[in-house]
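Colleague: Each chain, written out:
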Amino acid sequence: MAAKATIAQREPLVPFIQILGPDGMANPTDVVELGLKPHDFKALYRWMVAARLFDERALALQRQGRLGTYAPVLGQEAAQVGSAYALTPEDWLFPSYREHAALAMRGQSWLQLLMFWGGSEEGNRIPEGVKNFMVCVPIATQILHAVGAAWAAKMKSEKSCAIVYFGDGATSEGDFHEGLNFAGVFQAPVVFFCQNNQYAISVPRTRQTASQTIAQKAIAYGFEGIQVDGNDVFAVYKVTKEALEKARAGGGPTLIEAVTYRLTHHTTADDWTRYRPAEEVEMWKQKDPIKRLKLYLEKQGLWSESEEAKLIEELKAEIAQAVTQYEALPKRPVEDIFQYMYSEMPWNLKEQLQELKEYLAEHGGDLPKE
Amino acid sequence: MAAKATIAQREPLVPFIQILGPDGMANPTDVVELGLKPHDFKALYRWMVAARLFDERALALQRQGRLGTYAPVLGQEAAQVGSAYALTPEDWLFPSYREHAALAMRGQSWLQLLMFWGGSEEGNRIPEGVKNFMVCVPIATQILHAVGAAWAAKMKSEKSCAIVYFGDGATSEGDFHEGLNFAGVFQAPVVFFCQNNQYAISVPRTRQTASQTIAQKAIAYGFEGIQVDGNDVFAVYKVTKEALEKARAGGGPTLIEAVTYRLTHHTTADDWTRYRPAEEVEMWKQKDPIKRLKLYLEKQGLWSESEEAKLIEELKAEIAQAVTQYEALPKRPVEDIFQYMYSEMPWNLKEQLQELKEYLAEHGGDLPKE
Amino acid sequence: MPQMNLVQAINDALKTEMRHDPTVLVLGEDVGVNGGVFRATESLYKEFGPDRSIDTPLSEAGIVGTAIGMALNGLKPVAEIQFDGFLAPAFDHIISHAARIRWRSRGRFHVPLVIRAPYGGGIRGPELHSESPEAHYAHTPGLKVVIPSNPYDAKGLLIAAIRDPDPVIYLEPKRLYRAFRAEVPEGDYIVPIGKARVAREGSHVTVICWGAMVPVALGTAEKMSAQNVSVEVIDLRTLVPLDVETVIESVKKTGRVVILHEAPKTCGFGSELAALVNDRAFEYLQAPIVRVTGPDVTIPTAQLEDYYLPDVGRCVRGINKVLSY
Amino acid sequence: MPQMNLVQAINDALKTEMRHDPTVLVLGEDVGVNGGVFRATESLYKEFGPDRSIDTPLSEAGIVGTAIGMALNGLKPVAEIQFDGFLAPAFDHIISHAARIRWRSRGRFHVPLVIRAPYGGGIRGPELHSESPEAHYAHTPGLKVVIPSNPYDAKGLLIAAIRDPDPVIYLEPKRLYRAFRAEVPEGDYIVPIGKARVAREGSHVTVICWGAMVPVALGTAEKMSAQNVSVEVIDLRTLVPLDVETVIESVKKTGRVVILHEAPKTCGFGSELAALVNDRAFEYLQAPIVRVTGPDVTIPTAQLEDYYLPDVGRCVRGINKVLSY
Ligand SMILES: Cc1ncc(C[n+]2csc(CCOP(=O)(O)OP(=O)(O)O)c2C)c(N)n1
Ligand SMILES: Cc1ncc(C[n+]2csc(CCOP(=O)(O)OP(=O)(O)O)c2C)c(N)n1
Ligand SMILES: [Mg+2]
Ligand SMILES: [Mg+2]
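Chains as they are written, first to last, in our numbering: chain A, 1 to 370; chain B, 371 to 740; chain C, 741 to 1065; chain D, 1066 to 1390.
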């Protein structure tokens, strides 16, 4: 029958964009077209290094029992930093739970991130004026919220967009589908940013979907899908910026698949050696996004070992200060549990709070040690 | 950027199959390749006419208050009959709520269909040995059940497939996505049969998704999507049969989009004049699937007005008999409400049944008239 | 004052509030051009256009999920879910998000969202068109649950729900949509969320109910009065936050309680009421509380539906049971 | 007899039943190669291969929906939902399909499906990793709801659940997964669904509980015994169908009841128990029933979690309250 030419035999249905190779080489015109200045390059580099240092610190704290389960960024710094760098403060950012780099760039302090991973809801208190949404634990649900926020911006004739981050695993949830479908129908100004880090915990990308690429899923919704080298901060910046501009200009949504790799465990509760070969991880280490940008900067004479040392020192100090603050935080009052449920506390919560307070009072003001 | 060639500018991504035109003309080789004999043509015609006559009768009964809300097949006879004709008795059929033609072909009696639409669960009692599933009211949910059943057949090394029917509206639900994605990943032997009748109640297909075709959504799952003229019973039969054969041979799933039209109200509770122009309906009446096959049969000398009259008489009698039986059915006992909840009735249901019986007994054995 | 039935009152509430507040919009399946399958959104499309009367794709998680996004970006969406049974596909967004965003963000964001859905039996609907899922939402902290029983309340409560800063599950007893007409003021008024109504005063027994069970309770009270039994009927109007004072006051007065609801008995909202009465008026109870509810089964479709639904006869039995203890 | 902790007992139950019955398989996120995030499916992949220990895409409706399809085509799937909070995306398939297919088909089809999920707090989890959603399922006719509290029961109940012809929601108190070890027989045995266990006999007050609250109740009982208060602890093991006899018998003996659960109070399973005790043992009650439960809030994450969870101290308070009435 006429349909004998199956999908699998087709040419790739979406473009793959790369500017900066693993060797730190880039076509100069491509770089010029980015419209970025040396200070931008350095800012990108700074955020990527910051994310890695924060990861290291958080992992150490977790191992010492001073932080809860933590989800590292390691390996995905370019994807997060390149994309978030393309945002304006007017844009909405909807994270999953792994976007510490992007959130930090958008005004959330290291302290707040530590609070969140330390198990305090206060870590999710977005600073006034910052248009981020909270960490989203249930996979893919934030996609619909982002579409709604972007759609509202369009209705209100605002020039803001929304970007929403999610993983390769998230593309299997019904919410991914419903979100992209709504965005297509209502031409919402939203950028769907998939960090395809090849795994959803232990489940490899090939087990997640039989689709050749994640980017081509956009075809089901009538808009554009692009694959980009997620370890190439230039290419990520470029495709995200263009997608945002298109959205702002009324051109509707875009699905970006940033092809990257999680270089370590899913979270500190995970053990990657159970489900993937060491060679695979080694292979991806060769494509390290930070090393790559550093090579480029060095080749351009924009970076030196002393600058590197200084940067690391500065960032470590910044993060160390956040850790000190974090560890000095007083315990939150128990009212915290009750007061954010409704605009006004109903009688049952008032009574239950009262009961809890009485109980604590009976034990010298805190829970009895058992 | 390289992605400037947007989806919208592309050539259609899926084939469109038509054999029998609205004028009743078909390329003879295409017809020969179907492998159907004159008695098959007549059988197809018979089922399509039967569905239309059943529709008419059911609508009349509903208007007289002798049947509940009813969802007509009108206009979609070729899509249902052509596809169901391609099934073997070993295959599973998962309907939505509009597949009376397909269900009747698969061993469900007119009487049962009347019982269902008359508001008795007994209408959903699938005869032993028949591999149909029950009418599914919540949109798109049956897709996942079909995938599971097909996947189980594969695990058990059975040669059976599953076909699942759903509408254009159903493609917007998360379940559509999750079902097709699982089928792609696990290469389940399932055929996804979408009757795109252009509306989900009042919402037109263009509002349902920005995708150019529904068939191309298969690209997101790594398998084949095909568009077929849903009013062409030959083409529908052909693509369904090939998809089933492919599935049976281990070739995995197929998404078929049968482009058709609902020629009347969504259900008897609906009024199509509120949301679509009469000209549109008229235009589609020109593409009537039954008229089309009749023209073909006549041109081939396979059909005469006397045969037509006889067929209609026979079918009307068959349906009338079912109506008589339906109206003579005694009321179901109240035990019916309780006995299909669990394999064994737990104490609370036993007590509640007892209570209900006592109540009825107090009022002469039935509910008091109020 | 104009006479309206319940669905007209809802329509009027939507119109009133959409005129009053440009950030209010409705979205859902068939709510625009078609005016809703029950005509609750009739003529909104004409008056407010496709951007405020939005036909969505067939996708309940999509409707509620995007409405949440709109709500946090300054709009006040009123989402329609076409039937009770189709709240389930949106369940995750209702309980894991709408209900929690104030909590999750420490009050930085909140979700002024109303989710409207027709609920309950009595219209001879097909499967999943007659469910009573209120207990699911009452068990979810962060949600308010509102159920009107008459046109006046329907309008006033819906306007209150739209103005409420918290997410409100607003369940409409579809069986009462066109059951009767009553006077409904034009324009602006609210019926406050969290206040029950003593629908009929009485002294021997209290019947607690909501939605389509209110007329059943009133019919029962009328019938019992012929036997000199004085029945107090409390129409809760809001399940969460519950007007516990009105309930307990009545129980203290009558000492006998019948709880009447359509949902299956086990873990229905009736069990919460029974537990609360036990908590707060134990010593006043002169008989065990009786729950007259749907049995613990899937509600049957048309032919056997009446055997499931609590009616006056069953309510009478319940009252006789508490009285004869 | 081997000593096992609760998660090992679950693993052992799965192995036992998969060896015994070739139609049994497990599916879910990370259940195959990785052996499950809690290692409940450890080594099944090695022993039974990828077709019976199936890593699925990240899609809860997909897991439950396809498992329903498998069940009706002759297999016995045991679906794992990774955490309690992620049952919600599968809610529609659980309540509208798994629970109803026997009903819908008039017994022609049924769904021998087990849905396993870790539930409850106490492990310092992130949001939506500590929920107690049992009341949602207890309110859904057609489902059975089973919750073990110790390794022996966990294995025996899970084998019973897999053999049960009806869909079973099997909630595992994740806080007890590795809390203690106990003797668990090798091979085949069942603990029947629908039978509660008197975990400790007593005469002054009955504490009704399940899952991770059982050790709390037992700790409380131990503590109270020092004050010569004799506490009977009932571990329900099955919420639906409930072993109402064991509960009522105990209440008749003690006349005083404390209900202990983690879920929020309003419309929790505790309210059903309170209502049932009211129905069947009203005249035996010497004090109002006390519910010691989570408050009506979203369960906090790590730092404040202990302030939410019922503990021995709060259970003691509850007991003192019923005793001092
Ligand atoms: C609805 C839901 N199901 C399951 C989980 C448990 N879970 C947390 S992360 C994860 C894998 C996510 O994979 P992916 O989307 O690729 O993101 P990544 O972690 O790789 O960044 C799973 C299954 C969850 N958080 N939410
Ligand atoms: C989950 C769910 N949401 C809403 C409905 C109400 N409803 C019944 S039919 C229908 C439209 C279905 O459209 P489509 O899938 O195109 O099928 P068609 O009726 O055109 O055959 C809707 C919205 C439903 N049955 N289930
Ligand atoms: Mg991933
Ligand atoms: Mg349609």
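If you are wondering where the hints come from, they were derived from the structure by calculation, not from laboratory data.
In this text, a Cβ means the ideal position worked out from N, Cα and C, and glycines have one as well.
Incorrect hints may have been included.
[As the list claims (entries may be wrong)] Straight-line distance between alpha carbons at most 20 angstroms, and here's what the computed PhoX-like set of lysine-lysine pairs gives:
no.: 1; chain 1: B; residue 1: LYS407; chain 2: B; residue 2: LYS664
no.: 2; chain 1: A; residue 1: LYS369; chain 2: D; residue 2: LYS1288
no.: 3; chain 1: D; residue 1: LYS1317; chain 2: D; residue 2: LYS1386
no.: 4; chain 1: C; residue 1: LYS963; chain 2: B; residue 2: LYS739
no.: 5; chain 1: D; residue 1: LYS1386; chain 2: A; residue 2: LYS357
no.: 6; chain 1: A; residue 1: LYS350; chain 2: C; residue 2: LYS935
no.: 7; chain 1: A; residue 1: LYS159; chain 2: A; residue 2: LYS37
no.: 8; chain 1: D; residue 1: LYS1288; chain 2: B; residue 2: LYS720
no.: 9; chain 1: A; residue 1: LYS299; chain 2: A; residue 2: LYS37
no.: 10; chain 1: A; residue 1: LYS42; chain 2: A; residue 2: LYS294
no.: 11; chain 1: A; residue 1: LYS37; chain 2: A; residue 2: LYS294
no.: 12; chain 1: B; residue 1: LYS727; chain 2: C; residue 2: LYS1061
[Unchecked claim] Some, not all, of what chain B presents toward chain A, calculated at C-beta under 7 angstroms:
no.: 13; residue: SER542
no.: 14; residue: ASN551
no.: 15; residue: GLN586
no.: 16; residue: ALA590
no.: 17; residue: ALA619
[Said to hold, decoys possible] Now the stretches of chain A that chain C is said to cover, found in silico as 3 or more residues with beta-carbon under 8 angstroms:
no.: 18; segment: 29-39
no.: 19; segment: 147-155
Colleague: Run every hint past the structure and note whether it holds.
Modeller: Status of the hints after comparison with the structure:
Between B/LYS407 and B/LYS664 the alpha-carbon distance is near 15 angstroms, which keeps this suggested pair within the 20 angstroms criterion. A distance of roughly 14 angstroms separates the Cα atoms of A/LYS369 and D/LYS1288; the hinted pair therefore holds under the 20 angstroms criterion. Taking the CA atoms of D/LYS1317 and D/LYS1386, the gap is about 18 angstroms. The hint holds against a cut of 20 angstroms. Distance restraint check for C/LYS963 and B/LYS739: the Cα-Cα separation of roughly 14 angstroms lies within the 20 angstroms cut-off, and the hinted pair is therefore satisfied.
Using a Cα cut-off of 20 angstroms, the hinted pair D/LYS1386 and A/LYS357 holds, with the two alpha carbons roughly 16 angstroms apart. Under the criterion of a C-alpha separation no larger than 20 angstroms, the hint pairing A/LYS350 with C/LYS935 is consistent with the structure, at around 17 angstroms. Of the pairs offered as hints, the one joining A/LYS159 and A/LYS37 is violated, with about 25 angstroms between alpha carbons and a cut-off of 20 angstroms exceeded. Using a Cα cut-off of 20 angstroms, the hinted pair D/LYS1288 and B/LYS720 is violated, with the two alpha carbons roughly 40 angstroms apart.
Of the supplied pair hints, the one linking A/LYS299 and A/LYS37 holds, its CA atoms being roughly 15 angstroms apart against a limit of 20 angstroms. Pair hint A/LYS42 plus A/LYS294 holds up; C-alpha atoms about 9 angstroms apart against a cutoff of 20 angstroms. Simply put, A/LYS37 and A/LYS294 have alpha-carbon atoms about 15 angstroms apart, close enough for the 20 angstroms limit, and the pair holds. Proposed proximity of B/LYS727 and C/LYS1061 is supported: the alpha carbons are some 16 angstroms apart, at most 20 angstroms.
The interface hint given for B/SER542 holds, since its Cβ lies 5 angstroms from the closest Cβ of chain A, which is under the 7 angstroms cut-off. The beta carbon of B/ASN551 is positioned within 7 angstroms of a beta carbon in chain A (closest approach about 5 angstroms), and the interface hint is therefore held. With its C-beta approaching chain A no nearer than about 6 angstroms, B/GLN586 sits inside the 7 angstroms limit, and its interface hint holds. Contact between B/ALA590 and chain A, as hinted, is supported at the beta carbon level, the nearest pair being about 4 angstroms apart and thus within 7 angstroms.
Contact between B/ALA619 and chain A, as hinted, is not supported at the beta carbon level, the nearest pair being about 13 angstroms apart and thus beyond 7 angstroms. Coverage of the segment 29-39 of chain A by chain C is violated [criterion: at least 3 residues with CB-CB distance below 8 angstroms; count 0]. Counting residues of the segment 147-155 of chain A whose CB lies closer than 8 angstroms to any CB of chain C gives 8, which reaches the minimum of 3, so the coverage claim holds.
When held up to the earlier numbered hints, the structure conflicts with 7, 8, 17 and 18 and fits the remainder.
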